[in-house]
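From first to last, the protein sequence lines are chains A and B. In terms of full-length UniProt numbering, the first sequence opens at residue 1 and continues consecutively. In terms of full-length UniProt numbering, the second sequence opens at residue 1 and continues consecutively.
Relax, there's no trap hidden among the hints.
No more than 20 Å apart at the CA atoms, straight line, and that leaves these computed lysine to aspartate or glutamate pairs for DMTMM-like:
| hint | chain 1 | residue 1 | chain 2 | residue 2 |
| --- | --- | --- | --- | --- |
| 1 | A | K129 | B | E292 |
| 2 | A | K129 | A | D77 |
| 3 | A | K365 | A | D306 |
| 4 | A | K365 | B | D17 |
| 5 | A | K129 | A | D79 |
| 6 | A | K133 | A | E69 |
| 7 | A | K75 | B | E292 |
| 8 | A | K365 | B | D71 |
| 9 | B | K293 | A | D77 |
| 10 | A | K223 | A | D19 |
| 11 | A | K135 | A | D79 |
| 12 | B | K293 | A | E76 |
| 13 | B | K293 | A | E74 |
| 14 | A | K133 | A | D79 |
| 15 | A | K135 | B | D318 |
| 16 | B | K417 | A | E427 |
| 17 | A | K135 | B | E292 |
| 18 | B | K417 | A | E141 |
| 19 | A | K133 | B | D318 |
| 20 | A | K365 | B | D94 |
| 21 | B | K293 | A | D79 |
| 22 | A | K133 | B | E292 |
| 23 | B | K417 | A | D148 |
| 24 | B | K293 | A | E134 |
| 25 | A | K111 | A | D79 |
| 26 | B | K417 | A | E426 |
| 27 | A | K223 | A | D191 |
| 28 | A | K365 | A | D392 |
| 29 | A | K75 | A | D90 |
| 30 | B | K293 | A | D82 |
| 31 | A | K365 | A | D311 |
| 32 | B | K242 | B | D145 |
| 33 | B | K293 | A | E69 |
| 34 | B | K293 | A | E141 |
| 35 | A | K365 | B | D100 |
No lab work stands behind these hints, which were simulated from the structure alone. Computed from a predicted model, the values in this text were never measured in an experiment.
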Amino acid sequence: MTTTHYAALGETLVQETMDNGLRVNIVPRPAFHETFAQLAVDYGSVDTHYRDITGAAASDPAGIAHFLEHKLFEKEDHDAFDLFGATGADANAFTSTNRTAYLFSTPRAVKENLATLLDFVQSPYFSAKTVAKEKGIIGQEIQMYQDDPGWLLYNGLLNQLYPGEPIAQDVTGTLASIADITPELLYRAYDTFYQPSNCTLTVVGPVDPAEILALVAENQAAKPQFAQELPQRLDDFQVAPVAPARTLHAAVVRPKWVLGVRGQTPLANDLAGTRFQIATQLLLEMLFGDSGAWFQQAYDQGLLDDSFDYDYSVQRPANYLTIGGDTSDPAGLAQAVQAVIAAGADQAQLTPERFARIKQAAIGKYAMGLNAVESVASQISAQSFSQVNWFDYGQLLQDTTLAAVQAAAARWFDPAACTTLTVLPEEAEHA
Amino acid sequence: MPDTLQPGVRLSVLPTDQFKTTRISVHFMAPLDPATISARTLLTSLLETSSAEFPTQAALSAELERMYGADFGIGVNKDGQVHRLTATLSVVADRVAGTDLLRQAFAFLQSTLLHPLLPQGQFDAATFARERENLVQYLASLAEDRQTQAGLALQALYFAAEPKQAVPSFGTATAMAAVTPAQVLAAYHQIITQDQILITVLGPVDPAAVRELAAGLGFAARSADSLTVSVDRPVSESVAAKRDEAPVVQAKLNLGYHVDTDIYGPQFYAASVASALFGGSPLSLLFTNVREKASLAYYASSVLDPLRHFMMVQTGIDTATAPRVAALIAEQLRLVQTGEFSADLLANVKQGMLTSRLMAYDSPRFLARQALLRSLVPGVPADYDSYAQAIGAVDRAAVMAAAQGMTLQAQYLLAGKESQ
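Between the sequences and the hints, there should be enough to build the whole structure, so can you do that?
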C-alpha cells in the first residue's frame, strides 16, 4: 500500500496492486457523502484487432467492446443492475475508443456494492438468446446518435482524419457490424482484455482505504487466476494521409464547420507525453480562446459564437486536434482558422503575458475540477493506465513554459495534416 | 432564513469547508411575463459579454482568467410562475488560490451587473445586433436536439391555454428577432430596480465578511411582497394530441400529465415516489418494462415538476411502435394506480431516492438551489433528515392515491419521415 499526500491540493492517493495484477486507486474524502467506484478496463472500440489468449490473430466486428459492456450486466438468472438498485446505489457503464468502465455511486453499503461490481464484471455470461435481444436495444442507441448533428460532425471528421482505420468507427458499431456479434466472439474478447492486470479499480469517497484494500484482496483471491499477460494489439500508430475536405447536407438548422489535425507522432504514455499534452491544451487556449484577439475579431465578424470549441484528443493509437463549431459563414471561419494554422510556430498571440494568465486560469480550473467525488474518480480512473496520475497534473501545469507551448505549435501546425468537414442544412424541400 | 440587506434584497450565506470553490449567485426574480422574456434573455447575453470596465468579450474573459479561471454565466429560468435571471460566479476558494478572490469576485459582479456597457445610455448598436442574431440562431438550432424539441413541443401543447407556461423560459427565435434595444434597456432597469433579489454564497467563507461584500453591491430597496410560485390548471376531459414529422431515425413520444399535489406537503412526497416508481428511477416500471423487457425504447422516463402540477414522460422509439408504446406506458401508470408492484420494488425505489438525495448534498449547485427554493416556497425540507422522514412516511396506499391523481392531458409525437 503506497500513500501519497498532495498537500497543495488537500488530497491523498492510496495505491496498491493485487496479486492478480489488478491495480487499485483510493482517494479518501471524509467530508463527503458519496462514494464513487469505477472498474476500468483498458479496452475500447479501437481494439478490434489483437492476439487472443491462444496467440491467434483475432478480428472483431466494430462495436463489440460496447456490446460486451451492455451484456455483462445480464446474468443467467439476474441482472447485476438490480443488485445495485436493491441497495439504492446508482450503477452505470460506458465505452469509449480506448476504455470500458463500470461504475456505481452510493452513500451507503459501499462494501456490498464493491463486491457486486467486481463479481459481475468478472463473471461473464453470454448466451445466443440474450445476445440477440441486445441487438434490438443497441440498434435503438445507434439510431439515436444518427439524429444528433454533433455526432454527425464528430464522426464524419474522424472518418476523414483516419479513413478506414478502427478509430474512425463509431463506438457503438453499425447495425450491420453488431449483427455479426456472437457469444463466442464476446468470450474471446473478454478473455483477452478483461484480465485483472488490464484493469484498474478507483474508489473515491468517505472510505477507509485499508478496509477497501482488504475487501478487494479477499474478493480477488477467490477468483480464477488469469495469465497476467497484457493484450497484444495489432493496430499501431500510423502516419497516413488525411482525406480531403468534404461538405455534406443533413437535417441541421445551422451550418457547422470543423477542422481536424492528425497527430504525426505517437503520444507516449509517460511524463514527456503528458507535458506535451498540457502544452497543446494551453496552445489551443492561447490561439483560439475567447480572451484573445483572434477570437474577438472572428466573433465581431459573425464567423463564430459560443458554440465554437477546440479539443486535443488522445486516443490510442492516435491523437488529433479538433477546432470548430456552428457558423453562419463556414468559408469565413475556415479561412480564419486556416490562417492561424498556416502561421505555424510564428504566432502573435503567444505572448508571455497571455501565457501567464492562461496558465493561471488552467491551474484554477484544475482545482475547481477537484470538487466533486465523481469528477475526481473519473479523472483518476481515466489516467490510471498512464504513468502520470491526475493529482500530478497541477504541478505539471505549474511547470509548463511558454517555450513548450511554442514547440507544440511547431509540431502541430502542418496544413498537410489537416482536413475539414462542413455540414449544411438540406435544401428546402419542394412539394 | 435569508438575511435582508434591503427590503426585497436578501442574502443567504452557506458556509462550508467541503469544497475548493466559492459559488456566488445573484437571482433577479419577477412574475413570469411572456412580453418580457425575450428581452430578459437577450439582456443576459449583453451583460455576460461586456461591461463598462471590460468593454469587449476578450477583456471580460481575460479578467476571468486572471481570477484563476473563474466560471461566470448569466441565464434565465422559471420556477412555476416566477421568471428568474441568475448570474453565477464560481471562484477557487481564497485558501486554495492564496489571494482575496472572494473580494475580487464581488467587484467583478458589481462591474458586470451594475455598470454595464451603455455608451450614450444605450446598448452599443453593433453589439446588440450581434448578440440578438446569435440568440436567434441558437434558439432556432435547439430543434437540432430532438429530445429538447419534443420536450418543448409537449410543454406548448400541455399549456396551450396558458401562454405564460407554454413559452420556454428563454423565449422563441421569432420573438427574439423582434426585440428592440429599448425593451432590453427597460428589462435592465426592471431587474436592477424592481426585481426581487436573492444572493446566495456557498463556500469556505466568513458570513460577516460576505454580508459586507454583498451589501456593497449597492442594490436599492424594492417591493418585498412574496411572489406567487406554484401554478395549476383545470384537468380536461380530453387528451390534446399533436404529431409533427422530421427527418429523424428515432421518433420521440412525449406525454404530459396533470398531477394533483400540494407543494412540499404529504401529497408532494407521495407524488414524488409515484413518479419515481412509474418512470423517474432506473428501477422504474417504464425503464424495466418499456425499455428493457419489451425493447421498445432506448430511453423512457418521467420527470415531475410539482410547482406546475405537471409530469412529463419522454421516450425515444420507432415511429411505427408509437401506439404500442403509448398503451404500454398507460399500463405502467395503471399498475402504480392499482398497487400492482412489489413491496421490494417500492422499498428499493424509495431507497434510491434517498441515496440520490444524500449524494446531492455533495454538490454546491444543489445546495445553492435548495437555498433559493427555501426562499421562494414554504415547506421546502430544511435538510436531508426532514426529506428522508417525509419519503419514509409514504406507503403503498399513498403512492396509489398519488398515481390516481396523475391524468394524461397531452400526447406529442415527433415522427420520422422518409427522406429522399
